[in-house]
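Asks: Take a look at the letters that make up each chain.
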Amino acid sequence: MRLTRRDALAVLAGLGVTGGAVSLTQFDPPTADSTGNEGGSTGEDGAGGDDTPPTAVRDTMVAAAEAVYPSAAEGVSEFVEAYVVGRARDDSRRAAMVDAATELDDVARDWEGAAFADLPAADRDRLLRELGVDAADPIPDGTLSERLRFHVVNELLYAFYASPTGGRLVGIENPIGHPGGAESYRRATMDEPETTDSGGETDG
Amino acid sequence: MDRTPVADADVCIVGAGPAGGLVAHRLAESGATVVVLEAGPRFDGDRREQLEQHIRPGLDGPWEMGGPRDAFSSTGESFYPLNAARVKGVGGSTLHWQGMVMRLHERDFELDTRHGVGADWPVGYDDLRPYYAAAEREFGVAGAADNPYAPPRDEPYPLPAFRPSHSDSIFAEACERLGIDMHSVGNARNSEPYDDRSPCVGYGTCKPVCPSGAKYTAESHVEKAEAAGARVIDRARVRRLEHDEAGERVVAAAYTTPGGETHRQEATQFVLACGGVENVRLLLLSDSDRYPDGLANSSGAVGRYFMDHLFAGMGGRLDRPTRQNHVGFNTSECHQFYDDADPVNGLKLEFLNYAGPSPVIDALHADTWGDDLLDQLDESYGTHVSMGALVEQLPREDNYVGLDRETTDDLGDPVPEIHWSVDEQTDAALSRANEIQARVLDELGVEDRWTVGPDETGPAYHHMGTTRMGDDPESSVVDAECRAHDLDNLWISGSSVFPTGGAMNPTLTIAALSLRLAESLRAELE
Ligand SMILES: Cc1cc2nc3c(=O)[nH]c(=O)nc-3n(C[C@H](O)[C@H](O)[C@H](O)COP(=O)(O)OP(=O)(O)OC[C@H]3O[C@@H](n4cnc5c(N)ncnc54)[C@H](O)[C@@H]3O)c2cc1C
Ligand code: SF4
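Chains R and D, in that order, give the protein sequences. Position 28 (the first sequence) corresponds to 28 in the numbering used here; numbering is contiguous. Residues are numbered in the numbering used here as their position in the second sequence, beginning at 1, plus a constant of 1000.
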């Protein structure tokens, strides 16, 4: 199954993050990396001084998503980037999410000698488990593993399973948290996904 | 914000839930100078914040309940989880409620006469009938006249019923074979746009929060009251009602604001609308030399006869998709057994649309991720079904709300004490509900069964009976108009006035009584 930006926007809309479309147009290929590792030159903010989180943070979030999403998920990077950019428009979340992702990346560099995003997927999964993130309670201002659970893993799992496409994977196209209309509860089976393609074809 | 008292108020209403909000709206509209004092805050940010607070573990609960302000004691045989059972804020407990609404049956008003149990109400179904219709318009109830067991009605519901769910259609097969009738259920929730509020868009989180505004909350009527000129002071905790020397009239409500200042709101008439627990607490806290047992309590009935509805449930799994958790409300019930004489306690059955876990909520609590998590969710979601039931508890003097004078809240006031237990007769009614549920689930072939019966039951969060209504001042607190027998200008709005509770969710009846009270009070002001 393929995740799209549209899925990310749907979850963000459910959360009341407005200006999603605006944030996406702002999400142009970044020009700098806040960590400076790749010689970025336009200052702290990858997308030029707005609310957009640094590239390294987005890369870390995408890399974490690849570890915590089911292997059947495609389109993860487009989906996660759109979600993370939108989420970061919420002042109360941006700094903590950026901090947690940056700390995860720092741990990867210390322990594994590479950026989190550059580790093989199995190693990312292992690292998160070694940090105890799987068993940790999600606590926004807790210990590192509790914060990683809240701001990284649960943020990503929420985006996935509250989206219609993620929900479909477990049999619910209108998951809790998604305003998917007052008709789906009446259907005997999942309807076919709406497609963004102009053809809108379905296979029955 | 200015939280000082209003000069020359005609009416002071304490509490901004539906019981207070409806009265405030009606009276403000009629030109009265109305002030509403509400202990909790206004929750006027984006409702989707509360949605996330509900879904994501690690955030505070959406309605800020349970701090030192809300301390209580539970001393009866059964623990009473009071702070799960109410909300303090503009809108009151309807911020959190489920929003199923139905009228009581005729028999509920005359249980003593018909069956020799409980108490008769001083009003009958016919007295309330026009007010029920008005209450349905105020809430915007979606419903259909397809319930053969409902009491008579003259008019259609304001909104069309939500159509039956897929899971209802699964139950319907079994119920039809068993001769059990299913019908629609009244929902205070927009099936179409109504009253400037959105139709339901399927967030699925009705209880505790509807981000779209489709679910009715009393915020609507508080806003309308304000538009009609009422002043609503939030975070104003009323701690005492003061009376005149003769003890005939209330003269002021003393309240404390967040800064710690205490003010006195004077008014010609006072309406208590704090819910079935805090109504009692405020009357008891207002004791005086003239009324050493508390205000409006010459009968000794204040706080007595505390009742709730009890939940009975049963569920399990089928070998086919049941499509649960798309919406957070029910679309079918069965009132066929409600009027039965054995057991005499009313009982109604519910067919749930939110059986079993929601994948997104499960995922956020899981201790794994990736394909492992997907496997777990595949296993946990998709085939659950369940039935619920509400069962009536008859009034008993030894179930009561009092004051725990040993324990105080953050202002130093004694906290409410809930002394509550479930008697054998109610247990028998719960077992009866389980029996019917088992017949349906057997017929469907439901496996992995679980049951909530007499041993596991809990309250439905409906606080009734503690300032009961009656004609006799010796045995009741308010009269048929909801005015205190003891004090001319004190009125009580809410389910604390119910002499018996039936087994229907109470808030439509609260609304009907509130509209009726507003009419009587308005006449008094003229
Ligand atoms: C989880 C849940 C689900 C429910 N579902 C349903 C349902 O489906 N159908 C149904 O009919 N009912 C339901 N109810 C019950 C319903 O919410 C109540 O019956 C209804 O809200 C009661 O209205 P009220 O105005 O009397 O009291 P409340 O709504 O509780 O409002 C009382 C207000 O008074 C304020 N107050 C209290 N003390 C003071 C004081 N000293 N000074 C100032 N203000 C004060 C409180 O802060 C509160 O805002 C549910 C309740 C809960 C908790
Ligand atoms: S399902 Fe419930 S929460 Fe969602 S929009 Fe409808 S009423 Fe509101």
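Derived from the structure by calculation, the hints contain no laboratory data. Do not take every clue at face value.
Derived list of chain R stretches under chain D, where covered just means 3 residues or more per stretch with a C-beta under 8 Å from a C-beta of chain D [said to hold, decoys possible]:
hint, stretch
1, 3-11
2, 107-118
3, 150-160
4, 180-191
Since the model is a prediction, treat every value here as computed from it, not as a measurement. Glycine included, each C-beta is placed from N, C-alpha and C at the ideal position.
Asks: Hint by hint, which ones does this structure get wrong, listed from lowest number up?
Replies: Hint check: 1, 2 fail, others pass.
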